Amino acid sequence: MKHYISIQDIDSLPNLVKEARDLKANAKAYKHLGEDKTICLLFFNNSLRTRLSTQKAAMNLGLEVMVMNFGSEGWALEYGDGTVMDQGTSEHIKEAAQVVSQFCDIVAIRAFASLNDKENDEAELVLNGFKKYTTIPVVNMESSVGHPLQALADAITIAEQNTKPKPKVVLSWAPHPKALPHAVANSFAEMMLKQDAEFVITHPVGYELNPKITKGAKIEYDQNKALKDADFVYVKNWSSYNDYGKVVNQDKNWMMTKEKLGTAKFMHCLPVRRNVVVEDAVLDSDQSLVIEQANNRTYSAQIVLKKILENLH
Amino acid sequence: MKHYISIQDIDSLPNLVKEARDLKANAKAYKHLGEDKTICLLFFNNSLRTRLSTQKAAMNLGLEVMVMNFGSEGWALEYGDGTVMDQGTSEHIKEAAQVVSQFCDIVAIRAFASLNDKENDEAELVLNGFKKYTTIPVVNMESSVGHPLQALADAITIAEQNTKPKPKVVLSWAPHPKALPHAVANSFAEMMLKQDAEFVITHPVGYELNPKITKGAKIEYDQNKALKDADFVYVKNWSSYNDYGKVVNQDKNWMMTKEKLGTAKFMHCLPVRRNVVVEDAVLDSDQSLVIEQANNRTYSAQIVLKKILENLH
Amino acid sequence: MKHYISIQDIDSLPNLVKEARDLKANAKAYKHLGEDKTICLLFFNNSLRTRLSTQKAAMNLGLEVMVMNFGSEGWALEYGDGTVMDQGTSEHIKEAAQVVSQFCDIVAIRAFASLNDKENDEAELVLNGFKKYTTIPVVNMESSVGHPLQALADAITIAEQNTKPKPKVVLSWAPHPKALPHAVANSFAEMMLKQDAEFVITHPVGYELNPKITKGAKIEYDQNKALKDADFVYVKNWSSYNDYGKVVNQDKNWMMTKEKLGTAKFMHCLPVRRNVVVEDAVLDSDQSLVIEQANNRTYSAQIVLKKILENLH
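Chains as they are written, first to last, in our numbering: chain A, 23 to 335; chain B, 23 to 335; chain C, 23 to 335.
Errors might be hidden in some of the hints.
All copies of an identical chain are treated as equivalent in the list; a pair is satisfied when it fits inside any one copy or across any two copies.
[Claimed, not checked] Simulated pairs of lysine to aspartate or glutamate, DMTMM-like, Cα-Cα distance not exceeding 20 Å:
hint, residue 1, residue 2
1, K53, D127
2, K53, D108
3, K116, E86
4, K53, E86
5, K153, D306
6, K274, D108
7, K50, E86
8, K46, D58
Don't read these hints as lab results, they were simulated from the structure.
It should be emphasised that the depicted structure is a prediction, and the values quoted were computed from it without experimental measurement.
Build the full structure now, drawing on both the sequences and the hints.
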């Protein structure tokens with residue numbers, strides 16, 4: 023593996039999941055692999071799980087870790103070609119990416135969608151800027167368009183819990199007071215479309231995801247129908263993709279409840295707003311997999327870093 | 023030792039102080055103990071000494087360290103049970119605490135008193151929230167109510183300097199332009215009440231500490247009487263406990279001076295406002311123990327982490 | 023080497039450059055040297071290259087690293103003697119410097135010029151405050167007056183690229199929308215004055231640097247004349263020194279262009295504003311050394327830390 027930008031960088035999802043589970047059983051077995059190598063984690067946005075799990079994964083592999091909050095600790099970056107930089111930006115991505123490449127062997131980047139400029143968000147200015155100008159592997163710690171470390175952790179979690187040859191997995195939109203990005207939903211959908219599963223996406227009219235990403239998935243606007251006989255229900259809010267970044271509907275009836283969930287397992291990437299996205303009764307029940315999903319973030323990051331390190335050697 | 027939340031988590035203070043002094047003499051002797059284990063330091067407030075000394079202590083024990091400024095780098099936490107989280111908070115302490123437990127073996131937390139809600143402060147929402155929902159040991163790096171790592175460092179310092187079977191130790195309130203928490207004074211009092219010493223607290227009327235904490239200590243409102251024949255004088259400002267969080271008096275006569283101090287040793291947890299809390303002549307004299315108190319912060323943290331690690335093995 | 027405060031702390035620049043180049047060829051050869059020792063990097067200002075390269079250099083030497091954003095994570099420092107600290111500052115440099123000395127073996131500090139108080143800036147309150155009160159070696163990661171780690175990296179870069187016994191090196195002022203400090207230009211000039219080179223400084227009238235620093239350098243107000251037959255052109259903006267901290271001229275004709283540069287190598291410390299300080303065509307050409315200068319930041323920091331560590335042993 024050269025970079026890990028999206029789910030599409032995975033050759034065989036079942037193989038990678040299997041290797042991640044082996045790693046989880048023996049997390050320190052490859053501590054020599056990162057010896058004398060350094061990873062730099064660059065955060066353009068806040069983070070709890072990604073910050074700690076990626077650091078932990080890197081340390082498990084013996085990597086030295088440098089963490090930087092690029093927004094508050096570094097310089098405002100320019101992405102445009104040919105710009106006369108006499109305004110707010112102090113450093114061009116061309117220099118920043120090449121410079122970071124001098125100091126580390128792998129760079130991981132978190133840069134959320136702005137949600138106010140669809141074209142720029144889809145161009146993934148930050149992530150693709152680093153990928154274009156760096157000479158080292160780039161790992162996506164959630165970009166405008168995807169969160170493939172989360173989706174891989176979700177795949178590991180489903181593999182651990184699944185008992186059926188072809189489980190039914192539902193991605194169900196939930197209400198939220200703020201406009202949220204599509205990254206988690208996108209990568210989850212992409213990942214599910216690489217799985218042997220019956221995959222259904224359900225959301226109110228107006229919350230259709232990018233059709234290029236969901237192509238091949240079943241879209242069902244009736245949440246009850248979608249949830250019927252589900253084995254895994256992944257709940258997540260996202261803002262409108264068509265009316266880009268807008269909250270077009272906050273229908274509270276879409277909140278996940280114990281009753282709607284039935285006997286399915288509940289999944290969410292966290293952080294989650296209790297009693298808005300999902301009721302307490304679900305999160306506090308044995309059906310919730312959210313803590314194990316978080317735990318698997320370490321092993322999704324670790325298997326990705328292991329593959330990248332092996333490719334470097 | 024399972025957690026280190028308050029001075030009450032210490033079985034035998036004299037034994038722990040003795041072990042800390044042995045560790046100080048040989049700080050790297052237990053570097054194997056933390057091998058392949060990780061501590062997470064979560065800061066909800068600023069810190070200099072605690073930040074550096076706790077990291078240093080952890081590294082002395084071979085622990086991997088992850089430092090996180092939770093307020094600026096993470097998500098706003100919700101503490102209420104059953105809350106409909108449609109306002110400013112993004113993540114519930116239930117999830118945050120469980121999630122952090124997936125990525126480290128010990129968590130240390132700094133979360134100051136708000137000083138505007140006595141009930142919430144005394145409930146120690148952050149620290150107790152983590153303690154309640156985490157599955158790993160929790161260390162208090164200063165909470166609303168206590169600063170037991172500081173008090174343990176103070177006990178080490180007194181033990182190093184003391185020449186008498188029963189020294190006289192005075193905790194003397196000092197003026198300050200801002201309202202400060204009670205944590206340091208509380209833990210110092212709790213610690214002194216476990217020591218073989220003549221312990222006196224002196225402050226103006228209106229600055230009585232929580233009587234549950236100072237029960238057994240002598241309260242003397244006349245500073246001069248209190249300071250008479252003192253061996254150690256611990257100076258500290260705190261705001262009113264009864265008129266919660268208020269500055270009811272800034273009487274400059276309570277500033278510690280060389281004259282008042284006599285031949286006693288001077289102690290303060292730092293940071294200290296010179297010529298407000300204490301005059302330069304005291305801090306710049308040989309009688310000041312403040313730098314050695316700061317130095318002992320490493321060994322108070324290290325002995326606590328050592329005890330916790332030994333309990334984990 | 024005891025401290026590294028300015029270029030004047032270097033005994034023999036050619037020897038140090040040679041040793042740094044040897045280290046670059048074998049960066050991990052001295053990993054035992056920093057074993058069980060700790061460096062603290064204190065940032066009072068933003069940083070990208072310095073933050074990452076100094077960490078990397080320290081890790082290459084086996085040092086434990088603690089990074090702290092002093093401004094946002096610590097306490098506001100007081101520098102005045104005898105101050106009654108009843109205003110905005112919470113901790114005196116006397117205590118802060120001594121306290122930091124308890125927790126690490128080397129301290130590195132970044133504290134930019136204010137540009138609004140020449141006397142205070144030249145007194146280097148932060149850096150000299152730490153140097154005065156600390157008991158451990160101090161490294162300058164850019165202060166009000168100098169950036170000697172950058173200048174040493176520049177010396178390494180010139181040594182790597184130079185083919186002449188006495189190259190012509192030009193320091194050329196460039197326009198910039200904001201008022202910038204003199205630190206980089208000062209240290210570059212000091213460093214060049216220790217080199218066997220023809221050194222010329224060119225800038226518009228009003229941008230004279232501190233004459234005490236540039237004493238011995240040729241000043242040429244005509245940029246074209248200055249650039250004639252140059253081998254290396256170091257471009258940098260700085261604000262007025264005489265009309266302290268003011269932008270007295272933003273003449274766009276001073277921007278470096280491919281045409282002006284001729285066959286010389288282009289140097290800049292970064293971050294650089296494209297098409298304001300220098301045009302794209304220069305930065306994107308083979309004549310630009312800026313990325314290699316950044317790379318050499320690791321080895322300039324590493325040779326300095328190596329010298330300091332050897333002096334500690």
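Verification of the hints:
no.: 1; hint: K53 x D127; result: both (16 Å within a copy, 18 Å between copies)
no.: 2; hint: K53 x D108; result: neither (46 Å within a copy, 43 Å between copies)
no.: 3; hint: K116 x E86; result: neither (25 Å within a copy, 31 Å between copies)
no.: 4; hint: K53 x E86; result: both (11 Å within a copy, 13 Å between copies)
no.: 5; hint: K153 x D306; result: between (41 Å within a copy, 17 Å between copies)
no.: 6; hint: K274 x D108; result: between (47 Å within a copy, 11 Å between copies)
no.: 7; hint: K50 x E86; result: both (15 Å within a copy, 13 Å between copies)
no.: 8; hint: K46 x D58; result: between (23 Å within a copy, 14 Å between copies)
Hint compliance for this structure: hints 2 and 3 are broken, all remaining hints hold.
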